[in-house]
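Novice: Listed below, chain by chain, are the residues.
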Amino acid sequence: MPFMPVKFNLQKRVKLAQGLWMIYWLSVIVGILLFSLGIFFKIELRKRSEMMDNNESHLVPNLLILVGLLACGVNAFGGKVCHDSLDPIKFAKWKPMLKPFLLLCCGFNALLLLTALLCFLMQFAVYLTLAEGLKNSIKFYKDTDTPGRCFMKRTLDLTQIEFRCCGNNNFRDWFEVQWISNRYLDMSNDLVKDRVLSNVEGKYLMDSVPFSCCNPGSPRPCIQHHLTNNSAHYDYDHRIEELNIWTRGCREALFSYFSSMMTSIGTCVLLVFLSVDMAGLKYLTTALETMEDPENPECESDGWLLEKGVKETFGDLLAKLKTLGKTNQVVEGGDAPEAAN
Amino acid sequence: MALLKIKFTQQRRVHLAQGLWLLSWMAVMWGGVIFCLGVYLKTELLRRAEVMDNTEIHVVPNILMMVGLASIGTNWVASRVCQDSLDPTRFPRWKVPLLAWFAQLLYLCPLSLYCQVGLRNGIRFYKDTDVPGRCFQKETIDRLQMEFRCCGNNNFKDWFEVQWVSNRYLDFTSKDVKDRIRSNVDNRYLLDGVPFSCCNPTSPRPCLRYHLTDNNAHFNYDYQSEELNLYSRGCRQALTDYYMELMNSTGPGVLSVILIQSLTMGLRYLQTAVETAMVLEDPEGDSEGYLLEKGVKETIEDLKINALTMLKFGQVDPNAAEGSSEVADAEKDEKDAPPSPAS
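Protein chains in written order, with our numbering: chain L, 1 to 341; chain R, 1001 to 1343.
It should be emphasised that the hints constitute simulated quantities derived from the structure, not laboratory data.
Please note that the accuracy of each hint is not assured.
Far from chain R by the CB rule (all over 12 Å, computed), these chain L residues [claimed, not checked]:
# : residue
1 : PRO2
2 : PHE101
3 : ALA131
4 : ILE240
5 : ARG248
6 : LEU324
No more than 35 Å apart at the CA atoms, straight line, and that leaves these computed lysine-lysine pairs for DSBU-like [what the hints assert, rightly or not]:
#  : chain 1 : residue 1 : chain 2 : residue 2
7  : L       : LYS193    : L       : LYS135
8  : L       : LYS139    : R       : LYS1157
9  : L       : LYS193    : R       : LYS1175
10 : L       : LYS139    : L       : LYS193
11 : R       : LYS1294   : R       : LYS1304
12 : L       : LYS193    : R       : LYS1157
13 : R       : LYS1042   : L       : LYS47
14 : R       : LYS1042   : L       : LYS42
15 : L       : LYS193    : R       : LYS1178
A few chain R residues facing chain L, derived, Cβ under 10 Å [what the hints assert, rightly or not]:
#  : residue
16 : TRP1030
17 : ILE1141
18 : ARG1143
19 : GLN1145
20 : VAL1165
21 : ASP1171
22 : SER1174
23 : VAL1177
24 : ARG1205
25 : HIS1218
Each residue gets a CB set at the ideal place from its N, CA and C atoms; glycine is no exception.
Using the sequences and the hints, build the whole thing.
Specialist: Below, the structure written as structure tokens:
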């Protein structure tokens, strides 16, 4: 007793073929979209790799690119099969390839699910890499003369300007780090010497932030230096001053940017999910096969998802796998029988 | 003696129709792209409207949008014509619209010239700001300087001549403030400093923005030779460069629309070939297609006669209906021709 049988006449078959063809070609377009999203994500990760200590994992974008290409191929093939399905001569040459194709679709679906899952889960990895990377970026901000780090200042400044953030968690991260290089400090000056001697590590620390922390939306020209000293500036109270510099930390800003990107990409991946296509193709092929009179296109036929019920099909599968195992034991290199679907 | 006759079999006619159909749909999409480009340019100009000196520059995006829409419309008609061309029952209804279609080439030529004129005009940007310290203007200028990597009108020294710190944040009891205010006629608080948005992130040194002309105020600093500290470009130059680049890139786009209109020739061949086939009462057989039914001179003569007749009608009886639309459309375009006798 077939699983979920449906009766088909010529009209229904034609409609099914046309609908499937449309769905397949839409999926090709979504596949192209996935491919370009993968490339976009890869480029974004590369752009910000300095913020992540050059340590970020490119697994997700590479997987997306692969999945996008595969989706294009698989769906284009499916579309071609649907296109030829109503012409018995053309369809005959596709018939033998259908079973492996449906198996491939199954495997591809699993890959899609895995990709979507990774998109959602890898956000944690991104968060951790960002935390570590930003801490180091702030530490190396002043090293504009060290090879390998000379662009850290520029990158961090541009990041803070673009993402409207300051420091790792907030602007106070800048107070704990010497962000002015010794090259520009007058070591003979008493003030400088005091500051350098005032802490264990001999760092020139101050309660100031770089200019890239400034908020252009502040009505007042930006106050970068002596931030915690109310009397250093006219009419200034550092506890209630909100608009002067960005209050958000860069880790949070960058993370929300990447996480929203990854969530939307994950959702897009799920759109490509092929189960509807597979079911439709299965119905179409079975409907075409069971035509009682192949010469008369107008005749009715049955289509189904599984030839026997679900339990029986699984039973058959298991039996086949067992025989497969046994065959391998007795005779090596035996041909594997096709798994019934 | 027709102009540039070509023989067409049914197969060739079908191929021509299919090719033209594809080409006209590509032209529709390209028209859509041009339209979107016009919309984008317009939004960019509107975003910076506060610093723009005039509104004449809006002519360019307006033209782009018009050309885009016109291209979409006319090429859609062309694709419909191609689709119907091989069906003898549906083709005749396109006769009149086709003649109007051939006339639309007329407007494209002056439009392209107009675009070029718009590009070559000296564009004046960046209205001189008067009194900074106003909330919106500070943010606008700051964002402008950061985005376009520029400082001041012509260079950063423009900031020395303007009070860019609002009086709200000046301590008038301080001696330094009082000195500065009294030091100039207009009682403005001028200083040799710039806003933070002038700072150049690529500088290896943390940004210096106050006491810029005083070498002693900073360690290892020479005002004359310091290059990377602030942006050296003026915002007028930066904006001009940006918009000129944007508009120069739209120029080729518009010209390519005109190139695609070359499908006009193909359409003319298709029209004449199909009509000849219908006249010979053998829609499946061979026929000839041409650009003009008679030679160039004879066509112009015919046009003159038609135009004069129309004018005579106009003189004698101004209330009479105008001549047929075919006559009205056949004016300057040499590709226009009187309709075939089958009409």
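Novice: Now tell me, hint by hint, if it's right for this structure.
Specialist: Now for the hints, and whether the structure bears them out:
no., hint, verdict
1, PRO2, "holds, 43 Å"
2, PHE101, "holds, 30 Å"
3, ALA131, "holds, 23 Å"
4, ILE240, "holds, 15 Å"
5, ARG248, "holds, 17 Å"
6, LEU324, "holds, 51 Å"
7, L:LYS193 x L:LYS135, "holds, 26 Å"
8, L:LYS139 x R:LYS1157, "holds, 34 Å"
9, L:LYS193 x R:LYS1175, "holds, 29 Å"
10, L:LYS139 x L:LYS193, "holds, 21 Å"
11, R:LYS1294 x R:LYS1304, "holds, 14 Å"
12, L:LYS193 x R:LYS1157, "holds, 34 Å"
13, R:LYS1042 x L:LYS47, "holds, 30 Å"
14, R:LYS1042 x L:LYS42, "holds, 32 Å"
15, L:LYS193 x R:LYS1178, "holds, 33 Å"
16, TRP1030, "violated, 19 Å"
17, ILE1141, "holds, 9 Å"
18, ARG1143, "holds, 5 Å"
19, GLN1145, "holds, 9 Å"
20, VAL1165, "holds, 5 Å"
21, ASP1171, "holds, 4 Å"
22, SER1174, "holds, 8 Å"
23, VAL1177, "holds, 9 Å"
24, ARG1205, "holds, 5 Å"
25, HIS1218, "holds, 8 Å"
Checked against the numbered hints above, the structure breaks only hint 16 and satisfies the rest.
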